[in-house]
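Undergrad: So you can see what is in the structure, the chains are spelled out below.
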Amino acid sequence: MHPDDVDWFVTLDETHHELTTRGNKGGSTTRRYANASFARLGDRLVETTSHTTGVYGFTLRGECLPPLYILSSSATIEDNYKFDARICETLPSVVASYGQELPSTHPSRIAVRRKGSMDTCLWHDLHRQVYCKLYEGKLAPEPVVTPKHVSY
Amino acid sequence: MVKTDAGPGRLAKEADSIEFWEEMANMGVYIILSLPNGTECQAELDQMFSDFQPKCKRSAIRIVGMKIKSRLEELKRAGAAAPPISVDSDSGSSNEESGDENDDKLSVVGDVATAARRESSITKVKLSNLDLGHVVNGFPGDPVELRPFD
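Chains F and B are the protein sequences, given in the same order. Under my numbering, the first residue of the first sequence carries the number 92, and numbering increases by one thereafter. Under my numbering, the first residue of the second sequence carries the number 20, and numbering increases by one thereafter.
Bear in mind the hints are in silico, worked out from the structure with no lab data behind them. You may find that some hints are simply not true.
[Stated by the list, open to error] In silico lysine-lysine, DSS-like type, Cα no more than 25 Å apart, as pairs: (1) B:Lys22 <-> B:Lys88; (2) F:Lys206 <-> F:Lys229; (3) B:Lys22 <-> B:Lys95; (4) F:Lys173 <-> B:Lys145; (5) F:Lys229 <-> B:Lys22; (6) B:Lys74 <-> B:Lys88; (7) B:Lys74 <-> B:Lys145; (8) B:Lys74 <-> B:Lys86; (9) F:Lys224 <-> B:Lys22; (10) B:Lys145 <-> B:Lys86; (11) F:Lys206 <-> B:Lys88.
[Unchecked claim] Here are a few chain B residues that sit away from chain F, every Cβ distance over 10 Å (derived from the structure): (12) Ser36; (13) Pro55; (14) Pro162.
[Claimed, not checked] With beta-carbon atoms standing in for the labels, derived distance ranges: (15) F:Val221 <-> B:Val163: 19 to 29 Å; (16) F:Ser208 <-> B:Ile51: 15 to 25 Å; (17) F:Thr211 <-> B:Pro55: 37 to 47 Å; (18) B:Lys95 <-> F:Glu192: 51 to 61 Å; (19) F:Glu192 <-> B:Glu42: 23 to 33 Å; (20) B:Ser69 <-> F:Ser195: 25 to 35 Å; (21) B:Ser69 <-> F:Glu227: 32 to 42 Å; (22) B:Asn56 <-> F:Ser208: 34 to 44 Å; (23) F:Pro232 <-> B:Thr58: 50 to 60 Å.
Glycine is no exception: its CB is placed at the ideal position from the N, C-alpha and C atoms.
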């Protein structure tokens, strides 16, 4: 593969982010704090009932795509979906060029869905509003066999 | 070329998806699906997740530890740390940043001993979506081994 092409190959996948101290074999993996004066009542397992999905991707060059985090909501009506904006302050950003002349910073994206997981509409919007815009001006319906800046 | 696994919007069983594929192809974006049930051998991101997820889990445990430490210091400052360390008696589920008014209500009203024990419990901490960024990528200034995303 020509090195110029590596920006245009992207792989995507989703993963579930568990906000919990539960270990792979169950039970808490946090340190146990106990006082001999009291009966030991068991480990405190810290976990949430929310479901959060992270959508990650990277190009063949190794540049990460801006991650998308899908938060769950207990609201039944879509208009009532909301999240605390302070979440945005700590989510990672990526610096990448995606085939453009200069690299730029791209923040993480957040979506809210009832179950905190991907759906058809969100998948389509993610491509239209995020990934395609990263490549603005650099997409063509026909393969570019001989890019102008390449001389043979 | 976008390589992805099967999932909502990606298979052609919905008319929307076919139209979406067509729309993308007209722009020059081709979406291809990886083989189903191929485990991680041909899914690059699954290979990455097998490293990333345990690091995020360790990050979550670290954050809970930090919260417990912070809570202990708060209790010490408030002079309410007697008994010095207690075990949390609450096994109920915790709610996220939305807050749950019932969370502080006890199942047995008037159980003062339980109330005192619970209020002084250092393990009464929660993880919420506000911790998501720290779980995924630690804190600014952390060494890279504590920043799973980086």
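Undergrad: Does each hint fit the structure? Answer for all of them.
TA: Tested hints:
| no. | hint | verdict |
| --- | --- | --- |
| 1 | B:Lys22 <-> B:Lys88 | violated (44 Å) |
| 2 | F:Lys206 <-> F:Lys229 | violated (35 Å) |
| 3 | B:Lys22 <-> B:Lys95 | violated (54 Å) |
| 4 | F:Lys173 <-> B:Lys145 | holds (20 Å) |
| 5 | F:Lys229 <-> B:Lys22 | holds (18 Å) |
| 6 | B:Lys74 <-> B:Lys88 | holds (21 Å) |
| 7 | B:Lys74 <-> B:Lys145 | holds (19 Å) |
| 8 | B:Lys74 <-> B:Lys86 | holds (18 Å) |
| 9 | F:Lys224 <-> B:Lys22 | holds (18 Å) |
| 10 | B:Lys145 <-> B:Lys86 | holds (8 Å) |
| 11 | F:Lys206 <-> B:Lys88 | violated (32 Å) |
| 12 | Ser36 | violated (7 Å) |
| 13 | Pro55 | holds (13 Å) |
| 14 | Pro162 | holds (16 Å) |
| 15 | F:Val221 <-> B:Val163: 19 to 29 Å | holds (26 Å) |
| 16 | F:Ser208 <-> B:Ile51: 15 to 25 Å | holds (22 Å) |
| 17 | F:Thr211 <-> B:Pro55: 37 to 47 Å | violated (18 Å) |
| 18 | B:Lys95 <-> F:Glu192: 51 to 61 Å | holds (56 Å) |
| 19 | F:Glu192 <-> B:Glu42: 23 to 33 Å | holds (27 Å) |
| 20 | B:Ser69 <-> F:Ser195: 25 to 35 Å | holds (30 Å) |
| 21 | B:Ser69 <-> F:Glu227: 32 to 42 Å | holds (33 Å) |
| 22 | B:Asn56 <-> F:Ser208: 34 to 44 Å | violated (20 Å) |
| 23 | F:Pro232 <-> B:Thr58: 50 to 60 Å | violated (34 Å) |
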